[in-house]
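Trainee: One letter stands for each residue in the lines below.
Number of protein chains: 2
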Amino acid sequence: MSVNQREIGRRKLLTEIRRQQRVPRIDLSELTGISRATVTTITAELLREGLIEEVSSDSGEKDSKRGRPKVDLKIRGAARLIAGAKISNKTVSLVLLDFEGTQLADHEADLETAVLPAAEMAQVLAGLVETLAQKIGMSRQDVAGFGLGIAGVVDAPRGFVHWSPSLTSRNVQFGDVLERVLGIPVFLDNDANLVAMAEKSFGLGQGHNDFIVVTIESGVGMGIVINDEIYRGTRGCGAEFGHTKVQLEGALCRCGQRGCLEAYAADYALTREAMLASGEAAERQVEDILRAAKEGDEMAASIVSRAGRMFAMGLANIVNIFDPELIILAGEQMQASHLYAEDVIAGMRKLIVQVDKAPPEVVVHKWGNLMWARGAAAYALENVSENALLGMADNAA
Amino acid sequence: MSVNQREIGRRKLLTEIRRQQRVPRIDLSELTGISRATVTTITAELLREGLIEEVSSDSGEKDSKRGRPKVDLKIRGAARLIAGAKISNKTVSLVLLDFEGTQLADHEADLETAVLPAAEMAQVLAGLVETLAQKIGMSRQDVAGFGLGIAGVVDAPRGFVHWSPSLTSRNVQFGDVLERVLGIPVFLDNDANLVAMAEKSFGLGQGHNDFIVVTIESGVGMGIVINDEIYRGTRGCGAEFGHTKVQLEGALCRCGQRGCLEAYAADYALTREAMLASGEAAERQVEDILRAAKEGDEMAASIVSRAGRMFAMGLANIVNIFDPELIILAGEQMQASHLYAEDVIAGMRKLIVQVDKAPPEVVVHKWGNLMWARGAAAYALENVSENALLGMADNAA
DNA sequence: GTAATAAATTTGTAAATCAAATTAAATCAA
DNA sequence: TTGATTTAATTTGATTTACAAATTTATTAC
Numbered sequence: 000m001s002v003n004q005r006e007i008g009r010r011k012l013l014t015e016i017r018r019q020q021r022v023p024r025i026d027l028s029e030l031t032g033i034s035r036a037t038v039t040t041i042t043a044e045l046l047r048e049g050l051i052e053e054v055s056s057d058s059g060e061k062d063s064k065r066g067r068p069k070v071d072l073k074i075r076g077a078a079r080l081i082a083g084a085k086i087s088n089k090t091v092s093l094v095l096l097d098f099e100g101t102q103l104a105d106h107e108a109d110l111e112t113a114v115l116p117a118a119e120m121a122q123v124l125a126g127l128v129e130t131l132a133q134k135i136g137m138s139r140q141d142v143a144g145f146g147l148g149i150a151g152v153v154d155a156p157r158g159f160v161h162w163s164p165s166l167t168s169r170n171v172q173f174g175d176v177l178e179r180v181l182g183i184p185v186f187l188d189n190d191a192n193l194v195a196m197a198e199k200s201f202g203l204g205q206g207h208n209d210f211i212v213v214t215i216e217s218g219v220g221m222g223i224v225i226n227d228e229i230y231r232g233t234r235g236c237g238a239e240f241g242h243t244k245v246q247l248e249g250a251l252c253r254c255g256q257r258g259c260l261e262a263y264a265a266d267y268a269l270t271r272e273a274m275l276a277s278g279e280a281a282e283r284q285v286e287d288i289l290r291a292a293k294e295g296d297e298m299a300a301s302i303v304s305r306a307g308r309m310f311a312m313g314l315a316n317i318v319n320i321f322d323p324e325l326i327i328l329a330g331e332q333m334q335a336s337h338l339y340a341e342d343v344i345a346g347m348r349k350l351i352v353q354v355d356k357a358p359p360e361v362v363v364h365k366w367g368n369l370m371w372a373r374g375a376a377a378y379a380l381e382n383v384s385e386n387a388l389l390g391m392a393d394n395a396a
Numbered sequence: 000m001s002v003n004q005r006e007i008g009r010r011k012l013l014t015e016i017r018r019q020q021r022v023p024r025i026d027l028s029e030l031t032g033i034s035r036a037t038v039t040t041i042t043a044e045l046l047r048e049g050l051i052e053e054v055s056s057d058s059g060e061k062d063s064k065r066g067r068p069k070v071d072l073k074i075r076g077a078a079r080l081i082a083g084a085k086i087s088n089k090t091v092s093l094v095l096l097d098f099e100g101t102q103l104a105d106h107e108a109d110l111e112t113a114v115l116p117a118a119e120m121a122q123v124l125a126g127l128v129e130t131l132a133q134k135i136g137m138s139r140q141d142v143a144g145f146g147l148g149i150a151g152v153v154d155a156p157r158g159f160v161h162w163s164p165s166l167t168s169r170n171v172q173f174g175d176v177l178e179r180v181l182g183i184p185v186f187l188d189n190d191a192n193l194v195a196m197a198e199k200s201f202g203l204g205q206g207h208n209d210f211i212v213v214t215i216e217s218g219v220g221m222g223i224v225i226n227d228e229i230y231r232g233t234r235g236c237g238a239e240f241g242h243t244k245v246q247l248e249g250a251l252c253r254c255g256q257r258g259c260l261e262a263y264a265a266d267y268a269l270t271r272e273a274m275l276a277s278g279e280a281a282e283r284q285v286e287d288i289l290r291a292a293k294e295g296d297e298m299a300a301s302i303v304s305r306a307g308r309m310f311a312m313g314l315a316n317i318v319n320i321f322d323p324e325l326i327i328l329a330g331e332q333m334q335a336s337h338l339y340a341e342d343v344i345a346g347m348r349k350l351i352v353q354v355d356k357a358p359p360e361v362v363v364h365k366w367g368n369l370m371w372a373r374g375a376a377a378y379a380l381e382n383v384s385e386n387a388l389l390g391m392a393d394n395a396a
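Which chain is which? The protein sequence lines are A and B, in order.
Numbered per numbering that gives the first Met the number 0, the first sequence spans residues 0 to 396.
Numbered per numbering that gives the first Met the number 0, the second sequence spans residues 0 to 396.
A couple of the hints might just be wrong.
Only pairs whose alpha carbons sit at most 30 Å apart, straight line, appear in this in silico BS3-like list of lysine-lysine [stated by the list, open to error]:
| id | chain 1 | residue 1 | chain 2 | residue 2 |
| --- | --- | --- | --- | --- |
| 1 | A | 356 | B | 134 |
| 2 | B | 73 | B | 134 |
| 3 | B | 356 | A | 89 |
Some chain B residues near chain A, calculated using beta-carbon distances under 7 Å [claimed, not checked]:
| id | residue |
| --- | --- |
| 4 | 234 |
| 5 | 237 |
| 6 | 274 |
| 7 | 350 |
If you're looking for bench data, these hints aren't it; they were derived computationally from the structure.
Note that the Cβ used here is the ideal one computed from N, Cα and C, for glycine as well.
Sequences and hints are given; from them, build the entire structure.
Mentor: So, in structure tokens, the structure goes:
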């Protein structure tokens, strides 16, 4: 009933094994502070349960030591099957991972309509997860957990969608709807949080306990990791970096308010301004504007420069508030390169509180379309892992 | 050595007793999920150690129940003596608390100079703590912990001061200096964090796990409470709300940068603007300007209104990032009333992401000079409490 | 004075950790 | 090939700890 001692040990060891990838029992004892005896008993349980497995050789150092050789332990990939998906504008991308986190399959599908009622969306997703599973000869029922990223305002722990551009209805208990239709555990989250999750599990955030991920695609999003956990506000609408205000009564944003960072830094802001300034009716592509700016077009340069300075200002505010050790600028579109530029970062450094200590590291991580889905899967993986451990206690009783 | 089960139980029970103020064992068992038997044994330990005490009557409900009457437990005030202090511009205010948190004495003293070398400041503080203790017939050596709040950039866990307006030297291991001079454990923190601490322990933050405190005095500060703990960034220079930027290349701030919130909302910003606008050489008092604004003076009104709108914008950014359940506007000066005004808060509400859920509660808490010192003491109390529990384990061994 | 009732404690048992002893699996040296 | 050496992993036995159930304690009701 209560969280007993043993469960704490099991959790500690399983997470440590996951972190280390491959690790012998004696090191586990060192790393976790749990005695060798207890490590033996607990890992035996985890082995029996099929959650981990032994790997013969320690490939690392073969300096011909004598003594009984270490036997590495690792997460057993075959233990569970995890699916993750991200709903984008008119496409859904999915990945299938094993329990180790290695990718087994992926899939991409178009949606006929970008916006659907919750029930229909669930039907579509159920079909896609089935298709995905069949790619490796499995069925949907074999999937232990499905993580889904959806744009909008999401209350992740409750699986509740306040609003999403992909759903016709507001305020849906979408997590429950999905679980009913899919018949497997579903874990729902805001898409920006999932990038943070992906960076934490597979990306540049590995080994960091506190960091911030800023995502740049059509809008500007943010994920916050504090104390090794995704921080979500009380109402599930925190981390709205794109809608922090950088100018009082400034430019009009898609959200209807004025002065949002997005209204200066996002793609549509650039094209809109260029259109307005030139008086042309046709929209120029962002790439066009960036190229023109580089080639000396003053108007274009001015637009791009302001976007960069506004972005730097927004970033600086984040640093002044959080003082994180790391900021990851993550995005799949190369066209946001003007925001990744070194002078933008330099501009940010000038706007933060000056201390005799290095400013936070800023790294850029450009990745493919599937990263979102992998983040969603990582979120599911975390939850499935936890449930697997809880399940063990039940079996014992 | 390792944090054993028993220690977890002790901590749980002690914090629960502190939270409940007075509580019988059987309720403790209910509240913490620890069995009655274990509650008996652990509370016996805590009693023996003198950290808690029994109180005969449960004053609450005397509805003539039968059965053995409950015996309330409470923190034993006499267990430890805690001091807290805040260094302000040219004064130091101090409080002396017992282990329950009730105030036993307070003291205020002027500094000859606002800025001192670390060693001298430590000497001054040692004398003041001695004076404080003697007010109740005790000496400095009887104080179990001293919490100190100091303006500037402070790395609290390390007791390191990057920079402070009260010290001549930068980058001082001030915590260690103080401990050497005072001869008692010292806990150092940034002053804004201490207000958060005070609100969490004694004020409006009680019962909330995640909230934000914005302090308004000569500058604008912020304290962040996440998961019932003060959040401090990696370098100890987070939560610099006053220096978040609200205008690109805007008004000049004391910190040398442009566009800081402080440069629009702080006292000196108002007086400066009024002076510039009127062309007068003499500075007007903030109260003057506020009164004039109310009486229809257009220039004054414009200045005050902009300060309010900028402040609303800054607050909205905090909400858009954190989505906290509660924001406490805390300050000792009535003159900041223009920032507390209802229309400022309403302005903030218009600038946050709109969801079908109530915006965060905003409350105003005006308090006296000693609140800072009480926060410092609360910080020390938390640490001393923790150490008392750790000490028990050592005794047993 | 006795029954009833509820809080707190005691008792005996089961769970779980750990240090120390033991076993297992390898290398090295002769 | 054999035995010494070395190190990892397991087993053993003691100890800690938590808890359910039984018991004691302190009160009211009748």
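Trainee: Now tell me if each hint is right for this structure.
Mentor: So, going through the hints one by one against the coordinates:
Proximity of residue 356/A to residue 134/B is assessed by CA-CA distance (about 42 Å); at most 30 Å being required, the pair is judged violated. For the suggested pair residue 73/B and residue 134/B, the alpha carbons sit about 25 Å apart, so the restraint of at most 30 Å is met. Pair hint residue 356/B plus residue 89/A holds up; C-alpha atoms about 28 Å apart against a cutoff of 30 Å. At about 5 Å, the closest approach between the beta carbon of residue 234/B and any beta carbon in chain A falls short of 7 Å, and the interface hint on this residue holds.
Hint on residue 237/B holds. Least Cβ distance to chain A is approximately 3 Å, under the 7 Å limit. The interface hint given for residue 274/B is broken, as the beta carbon of that residue sits about 22 Å from the closest beta carbon of chain A, more than 7 Å. Checking residue 350/B against chain A by beta carbon gives a least distance of about 6 Å; that is within 7 Å, so the hint holds.
In terms of the numbered hints stated before, the structure departs from hints 1, 6, listed from lowest to highest.
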